[in-house]
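With our numbering, letter number 269 in the sequence shown gets 252, and the count goes up by one each step, no holes.
Simulated from the structure, these hints should not be mistaken for laboratory data.
Certain hints may be false.
[What the hints assert, rightly or not] The calculated lysine-lysine pairs, modelled on DSBU-like cross-linking and capped at a C-alpha distance of 30 angstroms, are:
1) Lys280 <-> Lys197
2) Lys271 <-> Lys205
3) Lys224 <-> Lys238
4) Lys197 <-> Lys272
5) Lys197 <-> Lys219
6) Lys197 <-> Lys224
7) Lys271 <-> Lys218
8) Lys277 <-> Lys238
9) Lys184 <-> Lys166
10) Lys238 <-> Lys280
11) Lys218 <-> Lys166
12) Lys219 <-> Lys271
13) Lys272 <-> Lys205
14) Lys184 <-> Lys280
15) Lys184 <-> Lys271
16) Lys219 <-> Lys205
17) Lys184 <-> Lys224
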Amino acid sequence: MSVSLSRPRILLGYVVERGTERRLFVLSLPQYPQDSNYSPVIFKSDVPIKNYGFCNSVRGIICVSQENHFMICNPTTRQFIAIPNDPTGFDPTDNMFNATASVYLGYDESNDQYKIMRTIRTQVRSPEHSVCTLRLGEQTSISSWRRVESGNDYYCRMTNALCIRGVVYYGAWEIPLNSLVIKILSFDVASERLLLMEVPKEHRLVRLLNYQGKLGCFCGTKDNGLSLWILDDAKKQIWSKTCVFSPSLCDSYRKLNLRTCGATDAGEILFVSTMISGAFELFYYDIKKNEVSKQVKIRDISENDKLTHLSLSCGHVENII
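Take the sequences, apply the hints, and build the full model.
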């Protein structure tokens, strides 16, 4: 396969509602557009969708969901691949047990392999973890599912998922969900091991991000501020607090409906807002100077469109299968 790793881009996905119709759009733009009013190329799904959501993206491939159905999407080639159910396990589309499925895409660079991890949670038994291998090429295929043995079965996903250097991470609540016990689950794509990690000792875990090749997480503080923590040592689980956003600054950002989305290669935090009619607006926040260093408006959005299910990735690359 051909992957343009030298030019990481911003990938912005969202759903447009026009009456009863909902369609998927994906925008790809440089991390630093030269024009402050940028009009990117739009990828549009020709298939109406229902209850759509982003799972995560890795090396130009996106994992998307429609209720408990999942697909792999390559926005560069406009290829969709349905992820099959595991015939030996719970069927997440069967409402008998009120099953809920989560799917995560990972990449093992040492073996040049994509893998799909799936977790199914029901009301009658502990979560079921399984994994399969995604083979890309002229004849794309998905292997049969195989079980992932884990002693960490009592956790339910609560944050976004991302893959950094062959490890998939996501934040999770302990079941029952009112236990207030929060951990980060890590899945090593090569060894197919699922482990628990401690989180920074803050008020709550908000979002994970790839911060210059390290796992970062935004945590809410007790005074309604926001702090950024970076995992300096994964084996020893040592975190360092890198930046603190004051409650007043966070309140201003909430009024603008800003969403924390990730970090650029230079370490700037990227926020996105949909408050502007007919456009998205990106804010680049320099944590060293504690100021917004750049703003970019993304045009080519109809003023009558209702936008939902916004998702953004800062390290997107074009993947030509």
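Check: Where does the structure disagree with the numbered hints, that is, which hint numbers, in rising order?
Finding: 14
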